[in-house]
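Let chain S serve as the given structure and place chain Y on it in line with the hints.
Sequence lines, in order, name chains S and Y.
Numbered according to the working numbering, the first sequence spans residues 1 to 261.
Numbered according to the working numbering, the second sequence spans residues 1 to 261.
Identical copies look the same in the list; a pair holds intra-copy or inter-copy alike.
No farther apart than 16 angstroms at their CA atoms in a straight line, the calculated lysine to aspartate or glutamate pairs in the EDC-like style are these:
no.: 1; residue 1: K31; residue 2: E209
no.: 2; residue 1: K93; residue 2: E46
no.: 3; residue 1: K102; residue 2: E173
Since the hints were made in silico from the structure, they are not lab data.
Take a look at the letters that make up each chain.
There are 2 protein chains.
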Amino acid sequence: MLSRNKSKFINALKTKKFRAETGCFLIEGDKLVSEVLAGRDIPVTELLSTPDWLQHNRFLIHEGVDTITEVSDAELRKISSFETPTGVMAVLKMPSAEYREKNLAGKLSVSLDTIQDPGNLGTIIRTADWFGITDIFCSQGCADCFNPKVVQASMGAVLRVNIHYVQLETLFEKLSQQNQYVIYGSYLEGTSIYELEHTASGMMVFGNESKGIHPTLKHLIKIPVTIPSFSSSAGHVESLNVSAAVAVFCSEFFRGKARKD
Amino acid sequence: MLSRNKSKFINALKTKKFRAETGCFLIEGDKLVSEVLAGRDIPVTELLSTPDWLQHNRFLIHEGVDTITEVSDAELRKISSFETPTGVMAVLKMPSAEYREKNLAGKLSVSLDTIQDPGNLGTIIRTADWFGITDIFCSQGCADCFNPKVVQASMGAVLRVNIHYVQLETLFEKLSQQNQYVIYGSYLEGTSIYELEHTASGMMVFGNESKGIHPTLKHLIKIPVTIPSFSSSAGHVESLNVSAAVAVFCSEFFRGKARKD
Chain S
1 MLSRNKSKFI NALKTKKFRA ETGCFLIEGD KLVSEVLAGR DIPVTELLST
51 PDWLQHNRFL IHEGVDTITE VSDAELRKIS SFETPTGVMA VLKMPSAEYR
101 EKNLAGKLSV SLDTIQDPGN LGTIIRTADW FGITDIFCSQ GCADCFNPKV
151 VQASMGAVLR VNIHYVQLET LFEKLSQQNQ YVIYGSYLEG TSIYELEHTA
201 SGMMVFGNES KGIHPTLKHL IKIPVTIPSF SSSAGHVESL NVSAAVAVFC
251 SEFFRGKARK D
Chain Y
1 MLSRNKSKFI NALKTKKFRA ETGCFLIEGD KLVSEVLAGR DIPVTELLST
51 PDWLQHNRFL IHEGVDTITE VSDAELRKIS SFETPTGVMA VLKMPSAEYR
101 EKNLAGKLSV SLDTIQDPGN LGTIIRTADW FGITDIFCSQ GCADCFNPKV
151 VQASMGAVLR VNIHYVQLET LFEKLSQQNQ YVIYGSYLEG TSIYELEHTA
201 SGMMVFGNES KGIHPTLKHL IKIPVTIPSF SSSAGHVESL NVSAAVAVFC
251 SEFFRGKARK D
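Okay, chain S solo, but in the shape it has when bound (with noise of 0.2 angstroms):
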């Protein structure tokens, strides 16, 4: 049975100031909490879950669950941010993560200037995994990556990446003093992403879904890359949706790798 104080304390969760309190998150539904459960890996601070989601699912209870509480369908779509709830939801710990500069040359990062839209930055956190990439860095005016939003569009991956909430002008800075260490911005204008040598490794920088990149960064971006158009109508199309930007960097950024191995 629900409490009302337990209640209240996963409602709770759906605000960033009670997550960074508590450092807990939610994450929902049968096919991410079963994930993680199989993972066996990642503690788990609370179950909640149907009785009937309990019984067929029971062998993917490991000793990390710390606390397991029964509740009904009544209770849990109380509770639950889906329309309809599929039987489970879970508190667990944020992540820790941690980075030292000089450890990213050689592989290839992302930053994150201002994405607002919880569904983007799940979307890019998502994608990213999907091609490797292992830090991923937010601008403090970014949503919060914890939010219930943004752990559902990422399918999980918030768990898998690491996700580091900094000022960016700060890293690029520090970054920038580092040898053949190359930032690329994503713009309108710059050079062709496919005319580009690159390797993989570097840090993309992708701005908010509406102004960009902060004019004040754009000094610390070594090279502003763009993806050409192939739109008759482009004078009409003001750009890619950030996530499709960021995939196709990925792709093309990954590609000769996967040419090579």
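Structure of chain Y alone, referenced to chain S:
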């Protein structure tokens, strides 16, 4: 002033049934409506705007604008899908989209099997438009491209791309009879997209967000294609988001063209 009848009409246009009956759909927001008006070639059945918006944008009004209704901010909030309306909405006639199979030869088109999420569908249409794709074929199970959420996510690209709702199996059967016409399908297993010999022509097929391409279409797909994952945690990553997959496919099919031009 907004009459009760007009308010009912606008709200009814949020349903697929009423859009189909009337052949009309809604566009919303200063950015999109301004862009459509500036193009001057799209007839506008109704423009609903605040006096303030109209005062600043009167130069955009052209003879193809049929009716202008001034509405108050409060009235606009009642009919708007935006949390913060930006002064204007419009009713447009759906563009008619026709095609002949033989005209598809030599160019690249997209088919979508049961893409249900409006945000995904809109983003895919926007991406396709960016890459100059002129025809998108949707199975009847796809979201309606004139759903306000799709129109918005497409940034108006629904007006620039011809979108056809068809029986994909019938279409593919006809196309397969054409010499050298190639139908590519996006799968988790198949030829790596980076190893594929391709030109910017043929049909790219993408399937449902969780179920992929329907098995009944499989025998009509000549080349199953996959986007390889570079993630070391690949076992955990089920797939790329379908709109990210479309971006990667389009980029990879057109990059040869970009380098030759």
